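**Q** Letter by letter, the chains look like this.
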Amino acid sequence: MDSVSLKRSAHQSRGELLQYIKTIRVVVAVVILILVSVIFLDFTGSIPASWTSGFVALQLVPSLTKLFTGLTLTSLGLVFVLLLTLLVGRVYCSTICPLGTLQDIVIRLTRRMKRKKWYRYKKAPLLIHYGLLALSVLSAFAGSMLLVDLLEPFSNFGRILTNLADPIVVSVNNATAFVLGRFGIFSLYRVPLIHLQVVVLLYTLAFLAFIVYLSAQHGRLFCNMLCPAGALLGLLSKLSLYKISIIEERCTDCGFCEMVCKANCIDSEAKKIDFHACVGCFNCIDSCPTVGLTFEGFWKKKTIAAPEPVNAPRRAFLGALVATTSAMIVPADSTKSAGTPNQVSYDDSRWMPVTPPGSRGRERFSNLCTACQLCVSVCPTQVLTPSLLEYGIAGLMQPKMNYSGSSCNYECVMCTQVCPTGAILPLDPPAKKEVQLGKAAFVKEDCIVITKKKDCGACSEHCPTKAVKMVPYEGKLFLPELNNDICVGCGACEHPCPTTPKKAIYVVANPVHLKAKKPPVQKLENPLESQKDFPF
Amino acid sequence: MDRRTFFRNSLGASALAGSYLAFGGPRDLLAGAAPRILAGPVDLVAVRGGEAAQMFQKGIEAFGGMSAFVKKGQKVVIKPNIGWDVLPERGGNTNPKLVGEIIKQCLQAGAKEVMVFDHTCDEWQRCYKNSGIEAAVKDAGGRIAPGHAEGYYHDVAIPKGKVLKNSKEHELVLGADVFINVPVLKHHSSSRITCALKNLMGNVWDRGYWHGNDLHQCIADFGTFRKPTLNVVDAYYVMKRNGPRGVSAEDVVTMKAQLLSTDIVAIDTAAVKMFGSDPKEIRHIQYAAEQGVGRMDLENLNIKRITL
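The listed protein sequences correspond, in order, to chains A and B.
Per the numbering used here, the first sequence starts with residue 1, numbered consecutively.
Per the numbering used here, the second sequence starts with residue 1, numbered consecutively.
The set of hints was computed from the structure by calculation and includes no laboratory data.
For clarity, every value in this text was computed on a predicted model and none was experimentally measured.
Treat the hints loosely; a few may be bogus.
With a cut-off of at most 27 Å between alpha-carbon atoms, the simulated DSS-like pairs for lysine-lysine come out as follows [claimed, not checked]:
1) LYS432(A) to LYS129(B)
2) LYS453(A) to LYS280(B)
3) LYS168(B) to LYS502(A)
4) LYS112(B) to LYS162(B)
5) LYS433(A) to LYS518(A)
Some chain B residues flagged as far from chain A (calculated, every beta-carbon gap over 12 Å) [claimed, not checked]:
6) GLU89
7) ALA109
8) GLN125
9) ASN130
10) ALA135
11) ALA149
12) ALA157
13) GLY161
14) SER189
15) SER190
16) GLY212
17) THR224
18) SER248
Ideal placement from N, C-alpha and C gives every residue a C-beta, glycine not left out.
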């Protein structure tokens, strides 16, 4: 009997579903990867925000962050993941985590290219892994999300999709739309890409190259050395009800399971599996020629042992000190007072970032955002763009409102509905219209009406509340006049201003969002309905 | 797609440079001259007191029916105002019922296809949807096309322009046999009033240039480029202040009126009077009249007034 039929009959004789476990895992992982990709890459706005929001609730670190902003329905996603891990171990890492699936794809594709084709048992790098987790947690509490941003798998995958995959998809779409347009077919339309930022793109490319290299050469090393989600779930999987174990009676010491384990967690000699490092891919179960591995309740365990973690607390503490000091690198003026809704100081710097509606303020936003770019992806006007240093080094790549080419649609609340970490909280349209993100500032000397003595009015034209009104000026000209009480800071005035090099009207960010008054509504004085005749 | 269209499009795209030197308005010639209504018995029709579709039916009858403008097999492009993400009752965009009725009449007159587009100010998909125009176009049997990306626009020269010498116009207008301009009458913070002349601004890509270089003059200049086959001014919901977007429903009066004319300056003059302002105060109308785009002297025109 050859090994394959030996395996099959062994499975059948035990009547198990175990023979399908790896296939099931692969199918689920692929489906979830496709769904995550669709959420980020859909530019038609067809996917309801509630579906997106519900689906990303399954992502561990963002959901955990969101928990600190309050218990909501989406917290159920976090509960589900934690319970799942307590039940069956770190299957999250091989199914729900899109970066995990990406690594698996890379591993599969590069398998033939590796000289050393097989894995070997390695002691898990606990010091680095849990040290980094401690650093991330402590610096997050101290106010800097930077370490979390850089290490968190969902956010990294989100950035890969938004900055690398999206331009490709959009370019293909635009090329097809162009060709079809020549034939008079307009069912596809062009999509401009204005949210790209070169440095962010380069960083994302570098990270992608890094993760591809790491997974091709070392399997799931990222998951067991750098990933904070992996560290957290590893703590839970040690206690899980179901674990993978080696059945001693069946084991022929061939070592095959150790060779295929991409988490490097199977010690075939000692017949031990370091289950806290296992990423739940079930390749081992699938590969054993004698069906010598099983997945069963711990009460049935024969040989399960996890090595005791090295005593890392002291080193982690020292690391935390470093983290706290690095978190102090924030813009100096973040401590300035918010000011009143209609006062603007013309000293305020133009580069200070305006944060999206629902974020409530710059500091709060930067403390919670993992820079996953989901809001950037779903924004219909592409006004949200990744920043560089506008939030300080601690806020690298976190999104800001970029009013140079676009503005925030008055009726839209998309970003507030999808944010996975709660950095942006949900708002309904009436509530959103009362949020003042910033105040408009007008530099009269730069305005076209003053410099060229000609009518313009592009700013007032777009203003949804008429906080910018045109009032009579010299001769027959009209000049903009501001009423910041009703300004919502949407940038509708800034984006069409034709003045170069700097706009004559622009939005100065409110460090803490304020409340805008509703525009005054009065009845018209002389409605024309009574007119029966024609005035000519 | 038929060969004729393909040839026309490729010829247009490749011969632009040459034709720019040889001719003043290259696209006009290549697209085929739109059937101009010669000075018939009626110059301007003013209707009031009915529903938008109903008023158009009466109005177009006074010109001799839609077939006076649309011949069998012709490509029609309708340019309403779809600039803003507001609902129809707010008067920020052209009344969708009017757009739908015009499309139906064009198809009945034998048009091969009727296309609708605008270069919107707010996000284009929201504008198309919330204005009600996208649905109205589909129901009437027309086709709505996007106008939000630069690739749809092509260079054109404006030889009679004083300040605006060239621009980029949407390819649909460039390739149309019949071009129907359907503005909504309303207050405008930049140009005081927006109507037929200002509505043409939605045909071009680079609007920022107009704002930065004497808006009124640019509006008048662009009026010299290609005269619409027919202008229909929607004055059903008229925004009296806080235009062009409007702040609330309180800004709007239900005027229930409509104007039709082939003279874009005359129709604007009449519309501004109905709005309650003095046309001589609106500089782009004044400039356009001076540059020969049309006439402001309504007292010398043959006007048909219809009250329903």
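**Q** All hints are to be evaluated individually against the structure, with a verdict given for each.
**A** Checked hints:
Using a Cα cut-off of 27 Å, the hinted pair LYS432(A) and LYS129(B) holds, with the two alpha carbons roughly 21 Å apart. Proposed proximity of LYS453(A) and LYS280(B) is supported: the alpha carbons are some 20 Å apart, at most 27 Å. Under the criterion of a C-alpha separation no larger than 27 Å, the hint pairing LYS168(B) with LYS502(A) is consistent with the structure, at around 25 Å. The suggested pairing of LYS112(B) with LYS162(B) is violated, with an alpha-carbon distance near 37 Å, which exceeds 27 Å.
For the hint linking LYS433(A) to LYS518(A), the alpha-carbon distance of about 8 Å falls within 27 Å, and the restraint holds. The claim that GLU89(B) lies off the interface holds: its Cβ sits roughly 14 Å from the closest Cβ of chain A, which is beyond the 12 Å cut-off. Non-interface call for ALA109(B) relative to chain A: holds, since the shortest CB-CB distance, roughly 20 Å, exceeds 12 Å. A Cβ of chain A approaches the Cβ of GLN125(B) within 12 Å, the least distance being about 7 Å, so the stated non-interface status is violated.
Once the 12 Å rule is applied to beta carbons, ASN130(B) is inconsistent with being away from chain A; the minimum gap is 8 Å. With a closest Cβ-Cβ approach of about 16 Å to chain A, ALA135(B) is found to remain outside the 12 Å limit, as its non-interface label requires. Non-interface call for ALA149(B) relative to chain A: violated, since the shortest CB-CB distance, roughly 4 Å, does not exceed 12 Å. Distance check for ALA157(B) against chain A: the nearest CB is about 22 Å away, which clears 12 Å, and the non-interface claim stands.
The claim that GLY161(B) lies off the interface holds: its Cβ sits roughly 15 Å from the closest Cβ of chain A, which is beyond the 12 Å cut-off. In this structure SER189(B) is not separated from chain A by more than 12 Å, as the shortest Cβ-Cβ distance comes to only about 4 Å. For SER190(B), the shortest C-beta to C-beta distance to chain A comes to about 3 Å, within the 12 Å cut-off, and the non-interface label is violated. Not every beta carbon of chain A lies more than 12 Å from that of GLY212(B), the smallest distance being close to 3 Å; the non-interface claim is violated.
The Cβ of THR224(B) sits about 19 Å from the closest Cβ of chain A, beyond the 12 Å cut-off, so the non-interface label holds. Distance to chain A contradicts SER248(B) as a non-interface residue, since its nearest Cβ pair spans about 5 Å, not more than 12 Å.
When the structure is compared with the earlier hints, violations turn up for hints 4, 8, 9, 11, 14, 15, 16 and 18 and for no others.
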